[in-house]
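Asker: Chain by chain, the residues run as shown.
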Amino acid sequence: MFQVALGILTAIGGFVDIGDLVTNAQVGARFGLSLGWIVVFGVIGICVFAEMSGRVAAVSGRATFDLVRERLGPRVGLVNLVASMAVTMLTFVAEIGGVALALQLVSSVNYLLIVPFVGFVVWLILWRAKFSVMENVLGLFGLALIAFAVALWQLGPDWGDLLHRMAVVDKPGDEQWRTLAYYGVALFGAAMTPYEVFFFSSGGVEERWTAKDLRVMRANVFIGFPLGGMLSLAIAGSAAMVFGPLDASVDTLGQVGLPVAVALGKIGLAVALVGFVAATLGAACECGLSVGYSLSQFYGWQWGKYVKPAVAARFHLVLALTTILATGVLLTKVDPILVTEFSVVFSAVALPLTYFPILVVANDPDYMGEHANGRLANGLGSFYLVVIGVAALAAIPLMIVTRMGA
Amino acid sequence: MGERDRLAGALDAVLHLLDRQVVDVEGRLVCKVDDVELTVFEDGVLGVTGLLSGPAALVPRFAHDGLGRRLHDYYRRLGGPQLDHDDPYRIDLELVERLGSGVELNVRREGVLVPQGERGRRLNDLLQMPVQDLAGVQLGGVLDVRLEPETQEPGRRIRVVGLVVGRGRPGSYFGYDRRPDMGPWLVRNVVRRLHRHSAYAALDDLDQLDWNAGVIRVDPARLQELEPA
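If you read the protein sequences in the order shown, they are chains S and G.
302 is the number that the numbering used here gives to position 302 of the first sequence; each next residue is one higher, with no gaps.
228 is the number that the numbering used here gives to position 228 of the second sequence; each next residue is one higher, with no gaps.
Treat the hints as calculated values from the structure; they're not laboratory data.
Each residue gets a CB set at the ideal place from its N, CA and C atoms; glycine is no exception.
Careful, some of the hints might be misleading.
Claimed, not checked - On the chain G side, residues computed to face chain S include the following (Cβ under 8 Å): (1) Val45; (2) Arg61; (3) Gly183.
Claimed, not checked - Just some of the chain G residues that point at chain S, by a computed CB distance under 7 Å: (4) Asp19; (5) Arg28; (6) Cys31; (7) Lys32; (8) Gly54; (9) His64; (10) Leu67; (11) Tyr75; (12) Leu99; (13) Gly171; (14) Phe174; (15) Pro184; (16) Leu186; (17) Asn189.
Just need the whole structure built from these sequences, with the hints factored in.
Answerer: This is the structure:
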């Protein structure tokens, strides 16, 4: 029971990352909750995807990029690997930048001075910390983001009106439909980031799941992720309450946290900042690991934190080089918020590459035996295959015609 | 991991063996099955004798023409004076305990990968051969290679019994040919439609399997309907 509760709590805290924070606050400030249904839609999608990949990992012991290689072969698989790693790398840069920006809010030290320190801490965690400790500690501290839900409640919105805006497809009068569509794809990409699934399925292998653990896994996914999605909506809702009437846009992490300060004062803001640091640091670790997982699984190297670093030497070398690279990119003074905006859109582009092989293998009785997809999983799975495909094709054209939602 | 040993019955080399993870007796990861070593035995039987791994096995799989060939040239160039640069690592079939969702070895991973030395035939050579009818008209390529274990003397062998012939890439069937009931409906129907011209050719029914010229000839009348392994 304790394990189940812990898993759910860390799933909630682990769901929100820099992409969710920034995108939800931006969209909330600009469009209110009129795109809230995309978040709900994206959360159901990530539940479907994560449940399938978690089930495959538990039953067959194979994680995402094992399956990509086995089903797509080395040629298409390599294209897939490069694209997925590039997007995860972009997200990794954004998350490390997010940690540094959050620490800048606390310390008033320029984030560029904090970045190398954050990179070092991330590497240290990846190298030394036990998998379960990393997961649980950062996930639980990430729960501090509940401050946003409390803030929304304190701001006292008209709940009926809020829900009504989520339920109907409409836009503020001064916005264009294509801008709305662009932010819709961005929100979808923020909710369904590929690394979350790489990490989730590889984490299942790390924790040595078997078919017996399927119920716990499902509880984590079907309770934890939707509650994490509620936090996303709370971020959007509180941004809508504070920024909506001012017609202001959100361009910094400080502005993301402002609604909490308005509603709850200093203490609330302090709690939210703890949440920022934990959520982005946790996500940074997950992204870093995901790069190592993907590459190692593709080439068959020993990976994982369930063995000593000396046994998985190549894996840990990749983790170290990846962290150095991500830190280096941030030191070029590139704006982490801009990197975040790119990362969520390219997440939507890269999603079908890993979704498709997992959907196929989740149906393959050779791998899955009696645990192959049922009607519900296949119905939803096929529906989301089409949706993910459309979002992937639409993402870059929308990005160009709206000039990134300008 | 799956319950049954895939090597105990008929299997398809690309679908069930190629690109799988190799795991040692302690559960540590070793490598991928980048290619499979095929040998023509003294009695003329074509069979599997080992697993191949490493860049020297993987690089040729990208393609045998165009960009793939250039990639292989670049790879050779990187090797320069190294004699064994184009020599893949090999794991003898004797060291394989069973085949589930991965290949499980019966030894520890230390020193298990040894240079292949003299180059044998490879599964990939078969997969990159065009299949033609007797007049030389292109029928397609080899999508998969059907294997079957042989238990009687002279000892355990896994022999090649036939080819899945069709258009498209090896492995692009995703297993939907073997399982007419495998879901989801949408993917199954698209994949089966793309592969509607695929067929099975028993090895004995081939008119020609020329390793040197790299071509397979078969009388289209002898192609059979594809049955699950």
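Asker: For each hint, tell me whether it holds in the structure or not.
Answerer: Verification of the supplied hints:
1. Val45: Since chain S brings no Cβ nearer than about 26 Å to G:Val45, farther than 8 Å, the hint is violated.
2. Arg61: holds, 5 Å
3. Gly183: holds, 5 Å
4. Asp19: Status holds, d = 5 Å.
5. Arg28: Status holds, d = 6 Å.
6. Cys31: holds, 4 Å
7. Lys32: holds, 3 Å
8. Gly54: Given a least distance of 10 Å, the restraint on G:Gly54 is violated.
9. His64: violated, 12 Å
10. Leu67: Interface hint status for G:Leu67: violated (10 Å vs cutoff 7 Å).
11. Tyr75: Result: violated, 13 Å to nearest chain S Cβ.
12. Leu99: Violated - the Cβ of G:Leu99 stays beyond 7 Å from chain S, reaching only about 11 Å at its closest.
13. Gly171: Cβ of G:Gly171 sits 5 Å from chain S, so the hint holds.
14. Phe174: holds, 5 Å
15. Pro184: holds, 4 Å
16. Leu186: Hint holds; G:Leu186 Cβ to chain S Cβ min 4 Å, cut 7 Å.
17. Asn189: violated, 11 Å
Hints 1, 8, 9, 10, 11, 12 and 17 from the list above are not met by this structure, while the remaining hints are.
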